[in-house]
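Chemist: Sequence:
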Amino acid sequence: MILIGELKDIEIAKKIVEDLKRNNIDSEIRFDGQNHKYQLWIHNKEHAQKAFDTYRLAMGHGKTFEIPQEWQLIQSIPVGPLTKIFIIISILLFVVQKLSDTTGFIDYFRFADRAGLPLFKEILSGQIWRLWTPIFLHFSLVHILFNMLWLKDLGKLLEYFHGRYFLGLFILLTALLSNTGQYIMHGPFFGGMSGVVYAMLGFIWTGKKLNPDLQYGLPKSDLIMMIVWFFLCAFNVIPQVANMAHAVGLSSGMLIAVGAFYKKAKKSHILIYSMTSIIFTLVIVLIDLI
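Residue 9 is where the sequence shown starts when you use this note's numbering, and the numbers rise one by one after that.
FYI, nobody ran anything at the bench for these hints, they're computed from the structure. A quick note: this is a predicted structure, and the numbers were derived from the prediction, not measured. Any given hint might turn out to be false.
Using C-beta positions, here's what the derived DEER-type ranges look like [unchecked claim]: (1) Gln-135 to Asp-40: 31 to 37 Å; (2) Gln-223 to Leu-100: 31 to 37 Å; (3) Lys-271 to Ile-10: 43 to 49 Å.
Derived DSSO-like pairs (lysine-lysine); straight-line CA-CA distance at most 30 Å [as the list claims (entries may be wrong)]: (4) Lys-58 to Lys-272; (5) Lys-129 to Lys-23; (6) Lys-160 to Lys-129; (7) Lys-92 to Lys-53; (8) Lys-164 to Lys-92; (9) Lys-58 to Lys-45; (10) Lys-217 to Lys-274; (11) Lys-45 to Lys-164; (12) Lys-272 to Lys-228; (13) Lys-228 to Lys-274; (14) Lys-129 to Lys-106; (15) Lys-53 to Lys-164; (16) Lys-22 to Lys-53; (17) Lys-272 to Lys-164.
Glycine residues also receive a C-beta, built at the ideal position from the N, C-alpha and C atoms.
Modelling step: build the complete structure from the supplied sequences, incorporating the hints.
Modeler: Structure representation (structure tokens):
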């Protein structure tokens, strides 16, 4: 038995069980009296990934949950090899973190060994990998689960429609920018793929707005959920989050989309989404300075 989620609304829980059953996934609801929540359990671990996706989508859509057309497309696309590589590296490093008795090995993946050093000291001394490796560091099961689910879905969209070389360059660039922004503002002790995930979100969102004929997109409810999450983190409702990495990632993804779809977009839309992209980062900078 594998726990895939918990929630307070029994009607939504029943709806999820029905949707799982339609996909030949056996599941059941158990009530956790101590926390006053309904737990969703599945019987077969091989169905865990699909069950997690169903649960996540249902939580974003409430009682009227139906899989949107955009998500039906995403579910029909196979996960590409490069997307898999980034997921595997992240999971392996997370396991090493949890099993290791020392943080010495993990320190080599941080942007810097310790706070208080001159900016970019290790990188200027030749440790170039530190510009990118923080994206592979995750500090809790929820942290890595959230990031890997989104990386799987958004990464395979970019890899399928634009190719692995585009995805590789996209991740390298947005990881570089989001990691560097977070480091300059708050020091080296951060990690996670969320800056890259927000860059993918920004690219897909802006790309669809600039080019409505784009073959793929995300449902409005999921876009709203991610933007709400962005601001909840920004105003510290959800604490201990790399907000600058989120902001720079989102901004850079949007600007990449502006460049990629420039010829297909209205000039007014180019201006609107270029300015909007910058606003996300400026908001985080202002919050940090206040």
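Chemist: Okay, which hints does this one fail, numbers in order?
Modeler: 1, 4, 5, 6 and 11
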